[in-house]
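Chains as they are written, first to last, in the working numbering: chain A, 1 to 294; chain B, 1001 to 1369.
Calculated directly from the structure, the hints in this document are not laboratory data.
In this text the structure is predicted, and so the values were computed from the model without any measurement.
Beta carbons are placed, not taken as given, at the ideal position from N, Cα and C, and that holds for glycine.
Treat the hints with care, since some could be wrong.
Covered stretches of chain B, as calculated for chain A (at least 3 residues, CB under 8 Å) [as the list claims (entries may be wrong)]:
#1 1158-1171
#2 1352-1366
Which residues of chain B face chain A? A few of them, derived with a C-beta cut under 8 Å, are [said to hold, decoys possible]:
#3 S1008
#4 S1011
#5 L1014
#6 Y1071
#7 R1129
#8 R1133
Some residues of chain A that are not near chain B, with every Cβ distance over 10 Å (derived) [to be verified]:
#9 P83
#10 A102
#11 E137
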Amino acid sequence: MNADPVLSCRHLVKVFGSGHTAVRAVDDVSLDVRPGELVLVMGPSGSGKTTLLSMLGALLRPTSGQVLIDGVDATALEERRLPAIRATRVGFVFQAFNLLEALTVEENVLFPARLVRGGVEAARPRADSLLARLGLEGRRDKLPRTLSGGEKQRVAIARALINAPPLILADEPTGNLDSSNGQAVMMILHDIARDEGRAVVMVTHDERVEEVADRILWLEDGALRDRRAETHAWAVDPVCGMRVDEWTAAISRVHEGVRYVFCSERCLERFQDDPAAYVELKQSPVTPVDGEDD
Amino acid sequence: MWYWGFKSLLSQPLALLASVLAAAAAFLLVLLFEAVYAGESRQIVAYVENSPADVWVMQRGVSNMHMATSYVSDWKATEVARVAGVARVDGILYLNTVVAAGSARWFAYVVGLDPGATRAGPWAMASGRALPRAGEAVVPEAFAAMSGLRLGDPLRIADGEFAVVGFSKGTFSMANSVIFVARTDLEDLMSSLDILSFLLVEAESGVDAAALAARIERQVDKVTAVPARQFVSNDRRMAMQMGVETIALMTVIGGALATLLVAFTCYSLVARQRRELAVAKALGVRSGALYAAVMAQAGAVTVASLALATLLAAAVIPVVASLVPQVSLALTGQSVARLAAAGVVVAVLAGLWPARQVARVDPASVFQS
């Protein structure tokens, strides 16, 4: 892992809005990802993962900071130069697959090749190879609507790889897949990093993925933090008593210096109506426990 | 990107068909207006166009026949006949008036012919005699069909009554039909003697019409002489001027309607494709290429609509012409070319609205599930 980083960002900040309504979605994030690395970005909902991924993929301008993709400072480039960077140096895989519905599997895979030198004809052998490798040879003339979720995601991966970009950015790639298809997609992305030496950055909530990742980054409130050793930090919703993973919980409130997490907005509203009732009667200290234990 | 644009368009065949049909209906409306205009314009000059004169001579200051009044003393026909290079002169008397047959009434050119003036009479006959004698009239076949006239039936022209002796072809239009009577009868109706309206001059072989016209104007007092080609052109211009504003307005309305329909089609297409456009942008497609794709879609809808409208017009016009013979329709290459040029404007205008949408698509929105 001594090679130059494929992806490097320094002091990346993204602020939405201004004044009192300003939200610091990403707060001073710096990271390097080297060829062959599979890096996971995890964190609670609303922690800024997608915003970070958008900036890493040159889809969103940071408020401040720098993003280097394969040595090119994307933050310093004019807007009109960014499409070429995305076309040649970044491959995207999305949770919702995002295939172009009017095009066949093969045309979808070859779509990014239209944007680079050589075009479709030069990319056709690579498309054949990718389709074969991803088990899509028999589906090349099918339209996306006729494919299963797993097949769609494999098409999306082939599309992301067609221009051989050094960096793959994946947003919840297993989010819409069942267990076995999710596992298969994960192994494909893992192999892409290991066998082809590409850097893969993946935003996910899927705990199964952790096993194949080289690194796991924990993003919380827009900033990278150390992740605790435990797999989960279970807490109890003080209103309904339901067990909630404190790290991924989207709804929380700090009351008298103690952070409480909730299973739903409804529980939060009840809590806010009369915090004392729940704190005195049902306060549950945040107690990290093993994943499967009570 | 054009390929993707076209495939996207074709992937929703029903929506595409509905849009093409709607836009084609608007274009068809424009073509039909143009066809009526062209047909009527052509019919208005049918008489002067089909007369075999090389030079037309008329009262000084008059330069056309349609809606014009011209008086030339008949002795000037003799003077004109003496001009070098003139082979023959036929005089006609001419009146714009209303004719009635039963309950049908129509505006018409009434042309009074001398007994020997066969060349100034109808150029094609459906039935009956071409040259009327005193008390007789030759009327357009279409007029007879509309009013139920048969040979021998009475016809009223101003306050005179005539017997129909012939049905002519190609002499009817909504604006003016041509009815032929004897010159003496028309003189009675007009209460004027020894007067002609126009002299149809035939030049001797090899004589230039323009030079002959100039010579006639020099040698015969107070007349205007115009070469036939120029005379037809003057008449057509006059006829066109009379309807051009209306037709232009109709064309603009039809064109605007087509623009709105094509624009709405492309707008809904872009709205439906918003996510895919964001994906394309995220994958590295430049906005310019996406604009081109949207413009190509607008262009394709416009071309398909224009082609369909032209085919429909070509099929509908003969049917309308046979069902409604009083309407003169002509689908001209000029009309189709003009509509095609308007189609380019329609496609560009229709593409602007959705293109604005394309510009607003945020590529980062691809991460929203």
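Quick rundown of the hints versus the structure:
no., hint, result
1, 1158-1171, "violated (count 0)"
2, 1352-1366, "holds (count 3)"
3, S1008, "holds, 4 Å"
4, S1011, "holds, 4 Å"
5, L1014, "violated, 14 Å"
6, Y1071, "violated, 73 Å"
7, R1129, "violated, 69 Å"
8, R1133, "violated, 75 Å"
9, P83, "violated, 5 Å"
10, A102, "violated, 4 Å"
11, E137, "holds, 22 Å"
Going down the numbered hints, you'll see the structure goes against 1, 5, 6, 7, 8, 9, 10, while the others check out.
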